[in-house]
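Trainee: All chains should be modelled from the sequences, with the hints used to inform the complete structure.
Chains V and L, in that order, give the protein sequences.
Residue 223 in numbering that gives the first Met the number 0 sits at position 224 of the first sequence, and the numbers go up by one each step.
Residue 267 in numbering that gives the first Met the number 0 sits at position 268 of the second sequence, and the numbers go up by one each step.
Misleading hints may appear alongside valid ones.
Intra- or inter-copy, both count: the list cannot distinguish identical chains.
Claimed, not checked - Keeping only pairs whose Cα atoms sit at most 30 Å apart, straight-line, the calculated DSSO-like set for lysine-lysine is: (1) K17 x K33; (2) K17 x K177; (3) K48 x K189; (4) K244 x K216; (5) K17 x K48; (6) K48 x K244; (7) K244 x K140.
Simulated from the structure, these hints should not be mistaken for lab results.
Take a look at the letters that make up each chain.
2 protein chains.
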Amino acid sequence: MDARVMTPFTYFSLPMQKQFLRNREAIKDKPYAKYFSAQMNVPLSAVCKIQQGPLPLEQTMTPSIEDINRLLEADFVSEESGYALLPGPMAYVQSRKFFPGSTAAMLKWWFMWHPLEAERYTLWFPYAHVSNPCVNHERLKQTSLSFEQRLYGNTFCASEYVGDRLMHLHIHFQDPEKLGLRADLYRDAKIDGSVSALMSLAEQPEVPVSLMVHLFKETPEGLYLTSRYWVGSHPSMSRFPGAEKAAALMEANGFGEAELETLAYEFAVHDLCEFNHLASFLPELYREFGTD
Amino acid sequence: MDARVMTPFTYFSLPMQKQFLRNREAIKDKPYAKYFSAQMNVPLSAVCKIQQGPLPLEQTMTPSIEDINRLLEADFVSEESGYALLPGPMAYVQSRKFFPGSTAAMLKWWFMWHPLEAERYTLWFPYAHVSNPCVNHERLKQTSLSFEQRLYGNTFCASEYVGDRLMHLHIHFQDPEKLGLRADLYRDAKIDGSVSALMSLAEQPEVPVSLMVHLFKETPEGLYLTSRYWVGSHPSMSRFPGAEKAAALMEANGFGEAELETLAYEFAVHDLCEFNHLASFLPELYREFGTD
Chain V
0 MDARVMTPFT YFSLPMQKQF LRNREAIKDK PYAKYFSAQM NVPLSAVCKI QQGPLPLEQT
60 MTPSIEDINR LLEADFVSEE SGYALLPGPM AYVQSRKFFP GSTAAMLKWW FMWHPLEAER
120 YTLWFPYAHV SNPCVNHERL KQTSLSFEQR LYGNTFCASE YVGDRLMHLH IHFQDPEKLG
180 LRADLYRDAK IDGSVSALMS LAEQPEVPVS LMVHLFKETP EGLYLTSRYW VGSHPSMSRF
240 PGAEKAAALM EANGFGEAEL ETLAYEFAVH DLCEFNHLAS FLPELYREFG TD
Chain L
0 MDARVMTPFT YFSLPMQKQF LRNREAIKDK PYAKYFSAQM NVPLSAVCKI QQGPLPLEQT
60 MTPSIEDINR LLEADFVSEE SGYALLPGPM AYVQSRKFFP GSTAAMLKWW FMWHPLEAER
120 YTLWFPYAHV SNPCVNHERL KQTSLSFEQR LYGNTFCASE YVGDRLMHLH IHFQDPEKLG
180 LRADLYRDAK IDGSVSALMS LAEQPEVPVS LMVHLFKETP EGLYLTSRYW VGSHPSMSRF
240 PGAEKAAALM EANGFGEAEL ETLAYEFAVH DLCEFNHLAS FLPELYREFG TD
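Mentor: Set out below in C-alpha cells:
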C-alpha cells in the first residue's frame, strides 16, 4: 500500500456549488444523510499529475482492441492520473484509484444500490451529481441474478456536471468481452469485476460517443480501480454500431478539439473526486445499508 | 494569530496549465527562479467559504462611498473570503489575507519590483500571470520618491488568466481618498498602505469597469491585507468619469449576469491563490532582492 497524502479538492464550478446546495436540502431526511459531505479528499500526487498540461501522446492509449488489452497484461500497473487530447479528436483520461478497506462486493453493491434514488447518487459527488436512474430498474434489483446479469446490457441515465457543463449521459454497461477485452486475458489478470460501458448523449442514445473501461481488483488492503475514458471519435470505435456518427454529433454539440481537451481535464478531475470520495465512505455505508 | 490550516489549491484551468509551462521555461535562468513554484497553498477555511455558492446580499458591500468607508471603522474585521453577484450587475469579492512574517515595506517593495520584468510577475501566480508592465516605468523606479508618489496615478497593464479567460486589464492605482476613502478615517484606522485602484479593460482604458480596494496593516506577526473587488456596473460608480459606459462595455464583452457571477467566483479564487502564494515567499525574496 502506498503512503498517500490526501488533500481536500479546493475548486467546484459555480453551477456545481448551487447543485450542492440543492442536493444537501434534498437528502437531509434520508437515513444515509450523514454520508453526504462537503469535503472531498483526493491524493495530492494524483492532483500534481494533472495540473501541468496534457500527457504526451506516447504515454496515452487509444480505445483500440489492441490498446485496451494492454490493461490486462500481467505486469501492467496504471498511472494514477493523466489526461490528453488524442487525434480523432478524442478526450483521453487515465487513472487508478485505491479504496482502502473496500472489497469487490462493496463496489458491486454500490452500483446496484445507488441508482434507485437520486439522493443516493449525490453521496458520490455532492457537487456534481443530479440523478442516475436505471432503465431496467427491475432487473437491477433482482437479487436472484448475478451482478453481471443485473448490470450488463442495462443502462444508467446520468445527469451530472462535468466542469461547469450539465451533461445528460446514457451509460450502457457491457460485458467486458463485448467491449474488446479478451476473456482469457481478463481471467488471467484476476480482475474482480468490471463496470465498463459505452456512453452516449441522452439526445442520441444510439450513438456511442465514449468508451469507459473500469476494472477493479481486490487486495487484502483494499480495492484498486483502474479506469480509462475515451470521449469523442476515433477510427477504432467503428467496432461499435453507430459510432460512425459520433464525430458529427460531438461537433454539433460544440465539442471541437479545444472543448474536448478541456473535457478531458474535467473528466480527470471528476473521476479523481468521485471515486476517491466514494472510497472514503463505502465500507461504512455498506456495513449500514449493505443488506438493503 | 489564527491557527490556520493551509492546503494546496488543486485545480487550474487548462489554459492556465499551459501558461504555467511557458512561465516555467521563461524564468529558468533568472536569479529568482527558485521562488517559482507549482504548489500554491491557501487557507482551507477560506476555501470552504467559497465553495457553497455566493454570499447572501445582506453580507455584501457596494462600491459606494458609504460602504467602502465601513472598511475603515475601528472595529471592522473583514471576512476571510466570499463572493456574490450584486444588482448592477456587478461581481463582488471580499477577502482578508495574512502574510506571516511580512512587513508593509516588503509589500510596497513588491509593487515597485515585480512590474519591471514579466518573469517576476509570474512568481506571484505561476499558472495565471503573463505580464504586468507599468506605464510610467521611470517613475515607478524613482527611489527618491515615496511609495505613494511612485504608484498613485500610475498604471499596470496586467495580462492574466482569471479562470479560463485571458484578461487584459489596466490597473490605475489611486490615492485612496480619490477613490472615496475618507482621509481622516484612513488615518485613524492606522492603515499602513493601500494598493487600491480603478480597473479598465485594455481595449477601453478610459472606462473604469472595476474598483479594487486593497488595504494593508502591519502587526508584529505579519501583514494583513483586506481586499474588495467590484467588477461591472453600479450606480455608485458614477463618481468616476467614464463609468457610465461600463454597463454597455461589459455587456458587449459578453459579461451578462451569469458571467459576472462566475467571474466573481473566479476572482475570489484568483485573489486567494495569488496573495497567499505571495505571502509564502515574500519575506525570503525581499531579503535576497530587496536592495535591487
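Trainee: Checking an output row: K244 and K216, CA cutoff 30 Å. Within, between, both or neither?
Mentor: Neither: 34 Å inside a chain and 61 Å across chains, both beyond 30 Å.
Trainee: As a check of your reading, is K48 near K244 (CA-CA no more than 30 Å) within one copy, between copies, both or neither?
Mentor: neither (33 Å within a copy, 44 Å between copies)
Trainee: At most 30 Å between alpha carbons: which applies to K48 and K189, within, between, both or neither?
Mentor: For K48 and K189, the Cα distance is within 30 Å only inside one copy (28 Å; across copies 45 Å).
Trainee: State whether the alpha carbon distance between K244 and K140 is at most 30 Å within one copy, between copies, both, or neither.
Mentor: Neither way: K244 and K140 sit 33 Å apart in one copy and 61 Å across, limit 30 Å.
Trainee: For K17 vs K177, is the C-alpha pair at or below 30 Å within one copy, between two copies, both, or neither?
Mentor: neither (39 Å within a copy, 38 Å between copies)
Trainee: With identical chains, the pair K17 and K48 could be close in the same copy or across copies; at 30 Å between alpha carbons, which is it: within, between, both, or neither?
Mentor: both (28 Å within a copy, 14 Å between copies)
Trainee: Please work out whether the CA atoms of K17 and K33 approach to 30 Å or closer within one copy, between two copies, in both situations, or in neither?
Mentor: within (20 Å within a copy, 40 Å between copies)
Taken one by one, the earlier hints fail for this structure at numbers 2, 4, 6, 7, listed in ascending order.
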